[in-house]
Amino acid sequence: MALLEIRDLRVVYRMPDLGLEVKALRGVDLDVERGEILGLVGESGSGKSTLAHAVMRVLKPPARLVSGKVLLDGVDILSLDRSVFDKEYRWRRIAYVPQASQNALNPTMRVLDHFLDTGRAHGLDDRAEAERRARELLAMTGLDAERVLRLYPHQLSGGMKQRVLIALSLLLEPEVLILDEPTSALDVVTQAGILRAIRQINRRLGVSIVLITHDVSLMPSLADRVAVMYAGKVVEVGPVDGVLYEPRHPYVSALISSIPSLYADVASVRPIQGEPPSMVAEIRGCPFWPRCPYAKEICREREPALSSVDDRSVACFLWSR
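Per the numbering used here: the sequence shown = residues 339 to 659.
Source of the hints: derived by calculation from the structure; they are not laboratory data. For each residue, glycine too, the CB sits at the ideal point set by N, CA and C. Don't take every hint at face value.
Below 27 Å or equal to it, Euclidean Cα-Cα: the simulated DSS-like pairs (lysine-lysine) are [said to hold, decoys possible]:
id : residue 1 : residue 2
1  : Lys634    : Lys361
2  : Lys398    : Lys361
3  : Lys398    : Lys499
4  : Lys425    : Lys361
5  : Lys398    : Lys425
6  : Lys425    : Lys407
7  : Lys407    : Lys361
Ranges of calculated distance between the beta carbons of each label pair, as one might list FRET restraints [claimed, not checked]:
id : residue 1 : residue 2 : range
8  : Ala643    : His552    : 57 to 63 Å
9  : Arg537    : Gly461    : 27 to 33 Å
10 : Asp579    : Ala643    : 32 to 38 Å
11 : His492    : Arg541    : 31 to 37 Å
12 : Leu533    : Gln493    : 21 to 27 Å
13 : Arg638    : Asp411    : 38 to 44 Å
When you get a sec, could you build the whole thing from the sequences and use the hints?
Here's what the structure looks like:
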């Protein structure tokens with residue numbers, strides 16, 4: 339049994355004033371194994387961040403959870419009483435660092451106070467233990483813990499803030515950590531440092547990490563497995579090398595072919611033709627069929643389910659059995 343199991347998760351954004359309902363998640367199925375780094379990739383608007391918000395129960399209007407389950411060690415955390423989830427699961431068993439979260443730090447508090455305050459809020463009242471964990475975690479992310487703990491947020495660079503937030507999210511030793519675009523708006527050198535820190539945290543603590551990004555190029559050096567989203571669903575998931583170098587879903591193949599390489603001729607880059615489907619209108623058939631060179635009649639009529647094919651799962655009739 340996987341540590342985290344997401345089943346048929348559906349989320350809509352309802353805007354009655356405009357008469358619109360955006361189907362952001364259309365039945366997501368995804369497993370996160372113990373101790374792995376799972377990369378969750380996809381274009382903007384594919385549903386990656388909405389999926390994280392739904393799992394962490396931080397959806398805000400006009401977003402609404404329609405259906406689905408999120409099982410953490412067999413317990414559906416979406417059905418738990420809010421107070422139970424906040425007390426026993428959030429931060430303690432599953433933690434989340436949102437996208438563009440560098441401004442989440444309180445500008446009037448030193449870094450150490452953030453750790454102490456978070457610990458007290460979740461039952462870690464032993465100051466010495468909280469400080470010990472803070473030093474250990476900050477050092478694990480590559481920071482000078484003794485110096486950084488005395489600083490205020492405005493004295494930190496963007497990369498340092500990101501590392502502090504990652505360390506803070508691990509204070510209560512969660513089993514799952516969700517990182518949403520942890521390297522966005524950072525220079526490439528800082529990005530590389532953040533990625534090394536994530537890998538070290540995974541290896542030393544054994545925490546399962548879900549890394550959400552639109553940058554597929556980050557995956558080969560970091561992830562164990564990759565899940566690719568398109569139009570509110572996972573269309574392929576499997577070992578990183580298999581998915582990126584021998585993709586089976588036509589969208590994944592097209593996505594990878596559209597990414598420029600430092601070593602390949604620019605002429606070899608092939609943009610994906612057409613546009614993603616409207617998430618307002620009802621999608622009939624496979625959402626990728628209007629752009630797919632392999633589309634068949636069945637693709638126009640039915641949406642393929644995510645089915646197992648050897649070492650991965652693919653939502654495509656070309657591989658269905």
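Tested hints:
Proximity of Lys634 to Lys361 is assessed by CA-CA distance (about 25 Å); at most 27 Å being required, the pair is judged to hold. Distance hint between Lys398 and Lys361 is fulfilled; the C-alpha atoms sit about 15 Å from each other, no more than 27 Å. For the suggested pair Lys398 and Lys499, the alpha carbons sit about 25 Å apart, so the restraint of at most 27 Å is met. For the given pair, Lys425 sits about 31 Å from Lys361 by alpha-carbon distance, which is inconsistent with the 27 Å threshold.
The hinted pair formed by Lys398 and Lys425 meets the criterion: a straight-line CA distance of about 20 Å does not exceed 27 Å. In summary, the hint linking Lys425 to Lys407 is supported, as the alpha carbons are separated by about 20 Å, within the 27 Å threshold. For a cut-off of 27 Å, the pair hint linking Lys407 to Lys361 stands: about 17 Å separates their Cα positions. Ala643 and His552 have their C-beta atoms about 25 Å apart, which leaves the hinted 57 to 63 Å range violated.
Against the hinted window of 27 to 33 Å, the Cβ-Cβ separation of Arg537 and Gly461 comes to about 30 Å, which satisfies the hint. Our hint of 32 to 38 Å for Asp579 and Ala643 is violated, since their Cβ atoms are close to 25 Å apart. As the Cβ distance of His492 to Arg541 is approximately 32 Å, the hint placing it in 31 to 37 Å holds. For Leu533 paired with Gln493, a C-beta distance near 24 Å keeps the hint of 21 to 27 Å intact.
In this structure the supplied range 38 to 44 Å holds for Arg638 paired with Asp411, their Cβ-Cβ distance being about 41 Å.
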